[in-house]
Amino acid sequence: MVLQTSSSQCDTQSRRSKVVLLAGSARVCNQYNQLTTVTVLLDTGSELSFIEESFAEELDLTVTDQTNLIIAFFGSPEPIMRTCKISHIQLCDAAGTFHNLRLHRNEFLTSAVKQADLDQNDIAFIESLNVKLSLPVTQSTLHPKILLGCDYLWNFVETTGQHQLPSGLRLIPTKFGFIISGRQQETVTNETSVFMIQTWGTDTPATEKEVWDRYWSFESTGTEEYKGPQKTELQQINEKVLHDFRETIQWRKDGYYVRLPWKQGHPPLPDNKAIALRRLEKVLDMYRNDTDVLTQYDNISTRKA
Numbered sequence: 001m002v003l004q005t006s007s008s009q010c011d012t013q014s015r016r017s018k019v020v021l022l023a024g025s026a027r028v029c030n031q032y033n034q035l036t037t038v039t040v041l042l043d044t045g046s047e048l049s050f051i052e053e054s055f056a057e058e059l060d061l062t063v064t065d066q067t068n069l070i071i072a073f074f075g076s077p078e079p080i081m082r083t084c085k086i087s088h089i090q091l092c093d094a095a096g097t098f099h100n101l102r103l104h105r106n107e108f109l110t111s112a113v114k115q116a117d118l119d120q121n122d123i124a125f126i127e128s129l130n131v132k133l134s135l136p137v138t139q140s141t142l143h144p145k146i147l148l149g150c151d152y153l154w155n156f157v158e159t160t161g162q163h164q165l166p167s168g169l170r171l172i173p174t175k176f177g178f179i180i181s182g183r184q185q186e187t188v189t190n191e192t193s194v195f196m197i198q199t200w201g202t203d204t205p206a207t208e209k210e211v212w213d214r215y216w217s218f219e220s221t222g223t224e225e226y227k228g229p230q231k232t233e234l235q236q237i238n239e240k241v242l243h244d245f246r247e248t249i250q251w252r253k254d255g256y257y258v259r260l261p262w263k264q265g266h267p268p269l270p271d272n273k274a275i276a277l278r279r280l281e282k283v284l285d286m287y288r289n290d291t292d293v294l295t296q297y298d299n300i301s302t303r304k305a
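According to UniProt numbering, the sequence shown holds residues 1 to 305 in order.
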C-alpha cells in the first residue's frame, strides 16, 4: 500500500473594481538643463509634493533645505517620521511652460500604478475628440517618480473640459495633457490549489473512509496520541519533561549536566561507521603515492593522540 498526495491548479475568474489614479507624463530639468521624461502622480490626499530620492540623485539636484515630516505614502505599511531633504526643480508641461517646484525628497513614493484598460468604444471616443493623452494607453503599469500634492496639484488641473468615456471613466484635462481616471471593473484570475490522494499497490480497492483513515495515520506517524482536552495533553507533556529533568540532572565540577528528552520508541540511530571507513579508504588510495601528504596526516594524528 503506497499513499501519495498530489496537487493541481484550478483557475477561476472573478470581477473586481480597479481605481485608476491621476497620473501623467512631464519633463524635468537636471542640473545641466537637460530634459528627462518622468511619470507624475497627482495625489489630492497629500498636502505636500515629493520626488523619489534615487531620481533626485539621478538628476543631481542640489539640496536647499530639510524638514521633519510624518509621512504615509500610497502602498507604504504605516506612517513614519523622517527628515526629508528639499530640492527645487524645473518641470516642463505639455505646452513647454516651465514651473519651479519645491519638492521633498523621500526613498519611497508609491507602489506601481495601473493604467486604465480601454476598450474600442473608449478609444474611438477619444479619437473623435481629437485630444492628446498625457500617457500612451499601451503602457499598463506606471512607476511615478514625482508626486504632486495639494500644494501644486491644482496649478496643473484644468477646471473645464472634462469628458466621460463610454466605460464610465473620466477624461481629465491637465497641463500635462488629458489624463484618464475613475473606477472600472477588471477580470482577475484566481488560482486554487486542489490536493488529491492517490493509492496503489493493493488488490482490494479501499473505500473513501479507509483511504482517509490511512492518510491521517500516515501523517501522524511518530507522534503520540493524547486523549482528552489540550490542557490535559500539555500537562502530561510538562510532567514527563520535569520527571526526566529531575532523573538525569547531575552536578559536576564545571556545572550542571542535563540529558535532553529523547523520543520514546525511536529506533537506534546509525553511527555511519561503514561510510566513514569507506571514505578513509578512498582518501588513502588518493594519496597512497604522495608521501608528503601522508606524513602530514601522520603528524596530525600523532599530535592528537
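Be aware that a few hints might be false.
[What the hints assert, rightly or not] The list that follows gives simulated cross-link-like pairs (lysine-lysine, BS3-like), each with its CA atoms no further than 30 Å apart:
(1) K273 - K18
(2) K175 - K132
(3) K304 - K282
(4) K253 - K240
(5) K85 - K175
(6) K85 - K114
If you are wondering where the hints come from, they were derived from the structure by calculation, not from laboratory data.
Consistency of the hints with the structure:
For the suggested pair K273 and K18, the alpha carbons sit about 64 Å apart, so the restraint of at most 30 Å is broken. Proximity of K175 to K132 is assessed by CA-CA distance (about 11 Å); at most 30 Å being required, the pair is judged to hold. With a C-alpha separation of about 22 Å, the suggested pair K304 and K282 falls inside the 30 Å cut-off, and the hint holds. About 27 Å separates the Cα atoms of K253 and K240, which keeps this hinted pair within 30 Å; it holds.
About 27 Å separates the Cα atoms of K85 and K175, which keeps this hinted pair within 30 Å; it holds. A distance of roughly 29 Å separates the Cα atoms of K85 and K114; the hinted pair therefore holds under the 30 Å criterion.
Checked against the numbered hints above, the structure violates only hint 1.
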